[in-house]
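K.L.:
In the order they appear, the protein sequences are chains A and B. Our numbering numbers the first residue of the first sequence as 1 and each following residue consecutively. Our numbering numbers the first residue of the second sequence as 1 and each following residue consecutively.
Worth flagging that the hints you see were computed from the coordinates, not collected in a lab. Note that the structure is predicted; figures quoted are calculated from it, not measured. Every residue, glycine too, gets a C-beta built ideally from N, C-alpha and C. Just so you know, not all the hints are guaranteed correct.
Label-pair restraints from in silico Cβ distances [as the list claims (entries may be wrong)]:
hint, chain 1, residue 1, chain 2, residue 2, range
1, B, K291, A, D75, 27 to 35 Å
2, A, D133, B, S16, 27 to 35 Å
3, B, A37, A, S181, 54 to 62 Å
4, A, E245, B, R193, 51 to 59 Å
5, B, E138, A, D75, 44 to 52 Å
6, A, E313, B, E288, 34 to 42 Å
7, B, C119, A, D75, 51 to 59 Å
8, A, I307, B, D48, 27 to 35 Å
9, B, D246, A, E313, 54 to 62 Å
10, A, P176, B, D48, 34 to 42 Å
11, B, P58, A, R300, 32 to 40 Å
12, A, V165, B, A37, 44 to 52 Å
13, B, A37, A, H79, 54 to 62 Å
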Amino acid sequence: MFQPLLNIINYSRKVGTTVKLNYRLLIGKSIARLSPHRFYTNVVEPGNSEIDLNNLTEQLHSVYEQPLIHRLKLDHPVHMEPREVWLDSLSQVEPLRLGLVQLHPEVFSTAPRLDILAKCAEWQRWYRYINYDKVPSPGEIQKGGRKPWPQKGTGRARHGSRRSVLWKGGGHRKGPRGPTSYFYELSAEERALGLRVALSLKLAQNDLFIVDSLDIPFADRQLLIDLYSVRDWGPSVLYVGDTPESLSPAMEEALYSLKASIFMPLSGLNVYSMLKYDTLVLSLDCIDNLQQRLLYYKYRIYRNSSIRDYELELINSVFSLQTLAEKHPSD
Amino acid sequence: MYDKALKLVRKFPRVSLNNISDFEEALRRHRRRGRGATRGRASGRGRDGLQHYGNLEPVGNTGTNTPKYKTIPKYLEFYKDWQDRRQYIPISLYRLQYLIDQERLIEHSTIDLTTLINCRGTTVDPDENQYGVRLHNERGLDVFQGCINIEVQWLDETEETVAAIERHGGLITTSWYDPISIKWLIDPLKMFRSGCPIPRRTLPPTSCVNYYSSPEKRGYLATAPEIMDARKRLANRHGYELTNEDVVFRWLEERKHRSQIYYGLEPGWIVNVKDRLILKPQSDKLEEYYKK
Chain A
1 MFQPLLNIIN YSRKVGTTVK LNYRLLIGKS IARLSPHRFY TNVVEPGNSE
51 IDLNNLTEQL HSVYEQPLIH RLKLDHPVHM EPREVWLDSL SQVEPLRLGL
101 VQLHPEVFST APRLDILAKC AEWQRWYRYI NYDKVPSPGE IQKGGRKPWP
151 QKGTGRARHG SRRSVLWKGG GHRKGPRGPT SYFYELSAEE RALGLRVALS
201 LKLAQNDLFI VDSLDIPFAD RQLLIDLYSV RDWGPSVLYV GDTPESLSPA
251 MEEALYSLKA SIFMPLSGLN VYSMLKYDTL VLSLDCIDNL QQRLLYYKYR
301 IYRNSSIRDY ELELINSVFS LQTLAEKHPS D
Chain B
1 MYDKALKLVR KFPRVSLNNI SDFEEALRRH RRRGRGATRG RASGRGRDGL
51 QHYGNLEPVG NTGTNTPKYK TIPKYLEFYK DWQDRRQYIP ISLYRLQYLI
101 DQERLIEHST IDLTTLINCR GTTVDPDENQ YGVRLHNERG LDVFQGCINI
151 EVQWLDETEE TVAAIERHGG LITTSWYDPI SIKWLIDPLK MFRSGCPIPR
201 RTLPPTSCVN YYSSPEKRGY LATAPEIMDA RKRLANRHGY ELTNEDVVFR
251 WLEERKHRSQ IYYGLEPGWI VNVKDRLILK PQSDKLEEYY KK
């Protein structure tokens with residue numbers, strides 16, 4: 001759920017006009033699932049705004065008296081420490097460090113497995129590719145059933161059909177035969193590992209930023225361009241939010257005009273896009289969900305099929321760390 | 001944990017679609033079948049020539065004399081009965097500490113071969129003449145610091161290994177399990193499902209009765225006082241003090257007796273996991289047999 005920090009202020013447009021964005025063009029970008037009524041933004045008079053543009057930083061600091069620390073609620077291995085990252089904001093051009101976010105070490109600092117990334121990117125490219133090339137064989141071409149001229153006596157070479165491989169206009173024996181699918185499966189564990197490796201590399205190479213919400217003060221692309229230059233964010237930026245609704249209308253409008261920046265809901269996060277786009281910006285609402293789902297695929301165990309249900313019940317009821325601790329108290 | 005690698009990556013150019021690739025081994029194109037001059041039809045004999053049409057002699061053939069590979073005898077002392085020899089799976093102190101750190105083995109608890117297999121610390125296969133697990137100190141003497149009561153089937157380099165465990169208040173015993181008992185130990189649930197009564201553990205063969213009776217090797221046939229003396233002697237020799245002696249004495253009394261396979265279960269009992277029942281033999285003959 002996004003809650004706007006500031007009202008939408010657009011001082012560069014005429015007061016009282018509504019801005020209509022082209023619905024069809026936006027379909028081509030990755031925010032096609034949004035409903036049409038969101039593409040209309042109401043322009044507000046500068047005089048009516050609640051917050052002054054001049055003293056933005058002071059007002060923001062007063063809102064947050066303490067730093068926000070988003071703690072890690074999931075368990076992590078004993079020997080790995082959670083990674084800590086600044087919690088930033090898009091409300092102003094300079095970085096406004098609102099607090100810290102703790103990130104799970106197994107999601108954001110796994111081994112840099114470039115081969116896994118290569119596999120995942122390759123899979124993404126090939127699994128849905130179908131090659132529609134088809135070239136007819138001699139039997140598929142119309143005509144060619146009759147012997148063109150008798151076997152002997154004409155002085156010409158002997159032939160059996162007008163559409164054999166030898167003839168102009170004839171078929172091919174070794175050509176591509178029909179739609180070929182290049183579908184194959186990569187296991188869910190491997191794909192989840194690819195995502196974890198990509199996230200770890202983005203963090204290690206200083207290309208991962210976490211933002212409290214995907215909201216900007218006014219729908220102006222120049223704000224984002226200035227933001228990128230000040231914060232040294234790459235020319236291409238990938239914004240990720242929990243749901244399509246995480247993107248605010250102002251941000252939508254600003255991103256629409258920036259070709260190299262796109263928004264994706266969490267379900268669309270993939271290795272290919274993370275490698276293609278230089279900077280990755282995650283919204284705070286998607287962090288918990290992301291980590292939980294990726295760790296589910298790492299740690300899920302297919303139950304040993306030889307153990308029966310009633311045996312598993314007994315094991316779970318009898319074996320617990322607490323009972324063992326009671327039996328053998330440490331000295 | 002991967003700090004070093006990730007620190008290196010920080011200095012490298014940005015990882016992108018144009019600088020990643022799979023390993024060489026995965027990209028290598030292997031020789032495919034049905035290619036070449038014979039298109040896979042010559043049964044591996046090539047095309048024409050003596051190799052294809054003829055009958056070659058085996059390697060080492062010398063025509064009139066018996067070949068060297070037959071005349072020269074094997075070093076039989078080394079090879080005799082090699083397939084019937086007993087095998088013990090090695091496990092190091094480092095591996096034990098690793099399992100304890102991961103909380104797969106719990107400190108201050110009794111560790112059995114069953115426990116080790118349940119936490120996937122080792123695998124033991126009785127069909128391969130494997131009679132259990134042997135503890136060695138090739139790696140982990142300096143690192144081991146757990147207090148455990150562990151039961152293994154053999155000890156390599158006794159003194160240092162035992163000292164490493166007893167230094168931290170632990171206890172180690174070596175015991176003999178015959179192949180049938182090992183089967184019952186490895187997968188108890190599977191054996192309970194069979195409906196057979198828990199068998200008696202046999203005594204060790206004559207060649208290793210002395211091994212399992214000696215307190216220096218902490219054998220299961222040695223008595224508790226003998227082992228307590230041996231502990232004191234070892235502590236004096238290696239220069240550490242014995243702690244946790246009450247608990248260790250309790251552990252010594254709770255050791256399995258010589259025909260027992262599981263803690264808390266006697267031979268002759270039938271365990272019914274489904275109905276949560278244990279059936280014990282009633283007749284005198286059976287009791288006499290199982291209590292020998």
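K.L.:
Take the hints in turn and mark each one as holding or not.
P.N.:
Hints and how they fare:
The hint said 27 to 35 Å for the Cβ distance between K291 (chain B) and D75 (chain A), and at roughly 48 Å that hint is violated. For D133 (chain A) and S16 (chain B), the hinted distance range of 27 to 35 Å is satisfied, since their beta carbons lie about 31 Å from each other. Taken as a hint, the range 54 to 62 Å is violated for the pair A37 (chain B) and S181 (chain A), whose Cβ atoms sit roughly 34 Å apart. The hint said 51 to 59 Å for the Cβ distance between E245 (chain A) and R193 (chain B), and at roughly 53 Å that hint holds.
Roughly 33 Å separates the CB atoms of E138 (chain B) and D75 (chain A), a value that falls outside the hinted 44 to 52 Å. At roughly 36 Å, the beta carbons of E313 (chain A) and E288 (chain B) sit within the given window of 34 to 42 Å. In this structure the supplied range 51 to 59 Å is violated for C119 (chain B) paired with D75 (chain A), their Cβ-Cβ distance being about 18 Å. Taking the beta carbon of each, I307 (chain A) and D48 (chain B) are about 60 Å apart, not inside 27 to 35 Å as hinted.
Judged by the Cβ atoms, the range 54 to 62 Å given for D246 (chain B) and E313 (chain A) is violated: they are separated by roughly 36 Å. Checked against the hint of 34 to 42 Å, the pair P176 (chain A) and D48 (chain B) passes, with Cβ atoms roughly 36 Å apart. A beta carbon spacing of about 54 Å between P58 (chain B) and R300 (chain A) contradicts the range 32 to 40 Å that was offered as a hint. A beta carbon spacing of about 24 Å between V165 (chain A) and A37 (chain B) contradicts the range 44 to 52 Å that was offered as a hint.
For A37 (chain B) and H79 (chain A), the Cβ-Cβ distance of about 58 Å falls inside the hinted range of 54 to 62 Å, so the restraint holds.
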